[in-house]
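*Asks:* All chains should be built: construct the whole structure from the sequences, respecting the hints.
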Amino acid sequence: QQQVKQSPQSLIVQKGGISIINCAYENTAFDYFPWYQQFPGKGPALLIAIRPDVSEKKEGRFTISFNKSAKQFSLHIMDSQPGDSATYFCAADYSGNTPLVFGKGTRLSVIA
Amino acid sequence: ETGVTQSPTHLIKTRGQQVTLRCSSQSGHNTVSWYQQALGQGPQFIFQYYREEENGRGNFPPRFSGLQFPNYSSELNVNALELDDSALYLCASSINQGAGHEQFFGPGTRLTVL
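Chain order of the listed sequences is P and S. Under this note's numbering, residues 1 to 112 are what the first sequence spells out, in order. Under this note's numbering, residues 113 to 226 are what the second sequence spells out, in order.
Among these hints, one or two may not hold up.
[What the hints assert, rightly or not] Interface residues of chain P toward chain S, partial, derived using beta-carbon atoms under 7 Å:
id : residue
1  : P8
2  : F89
3  : K104
4  : G105
[Stated by the list, open to error] A few chain P positions that, by computed beta-carbon distances, are all more than 10 Å from chain S:
id : residue
5  : S7
6  : D53
7  : S55
8  : K57
9  : D79
10 : D84
Keep in mind the hints are simulated off the structure, nothing from the lab. It should be emphasised that the depicted structure is a prediction, and the values quoted were computed from it without experimental measurement. All residues carry an ideal CB built from backbone N, CA and C; glycine is no exception.
*Replies:* Written out as structure tokens, the structure is:
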């Protein structure tokens, strides 16, 4: 059972454009929604995270939008740069002794 | 501050063998989680250790086992290796168990089973 569904699987964006990656979750108990960035040969690194008490969180060029009623959240990368080319994972967990549940990932390529 | 380190970086084993992977948690972190990341997939939770005790386990068979030491470093042991065990094994440490605490991932160990 896949608890976090991520789309698209891959994404190609022009330099300077907006990259948008979407995730949907099933478990309404989830209360922490991080996004991880992973470069080849590296472990995932936390990019930005949100809790369901806010609908949007922005850090630099990265924004999470959260829709609790639709059980969806998305990552927007503004002014996308070639250095943003990586695989992005959404994840979720909830209070207590629970592990992160990851989406399957989106491979982003930003082309000049 | 030293980040999460893992060893070895790469490992090649044959089916039926046993393997031990090692992880040193970030300074001050008492919780270690292990994940398996198959090619093209997101990480899948194997188990978590908090203060040397197993504290949660994913859908992995008993031949996957682990340890956490008093300095909070950890080992992942896999017995009777199968071809499907080929994956990137990630260790993540955090300052406390439970949700909402940022997990810091190591670079992973790439295991290939032939």
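*Asks:* For every hint, state whether the structure bears it out.
*Replies:* Verification of the hints:
At a threshold of 7 Å, the smallest CB-CB gap from P8(P) to chain S is about 14 Å, leaving the interface hint violated. The beta carbon of F89(P) is positioned within 7 Å of a beta carbon in chain S (closest approach about 5 Å), and the interface hint is therefore held. Among the interface hints, the one on K104(P) holds; its C-beta lies about 5 Å from the nearest C-beta in chain S, closer than the 7 Å criterion. Evaluation of the G105(P) hint against chain S yields a held restraint, the C-beta minimum of about 5 Å falling below 7 Å.
Listed as a non-interface residue, S7(P) keeps its Cβ farther than 10 Å from every Cβ of chain S; the least gap is roughly 13 Å. Non-interface status of D53(P) relative to chain S is upheld: no Cβ of that chain comes within 10 Å, the nearest being about 12 Å off. No Cβ of chain S comes within 10 Å of the Cβ of S55(P); the nearest lies about 18 Å off, and the non-interface call holds. At roughly 14 Å, the least C-beta separation between K57(P) and chain S is larger than 10 Å, which holds for a residue marked as non-interface.
Its beta-carbon lying about 25 Å from the closest one in chain S, D79(P) satisfies the requirement of being farther than 10 Å from that chain. The Cβ of D84(P) lies farther than 10 Å from every Cβ of chain S, with a closest approach of about 19 Å, so its non-interface assignment holds.
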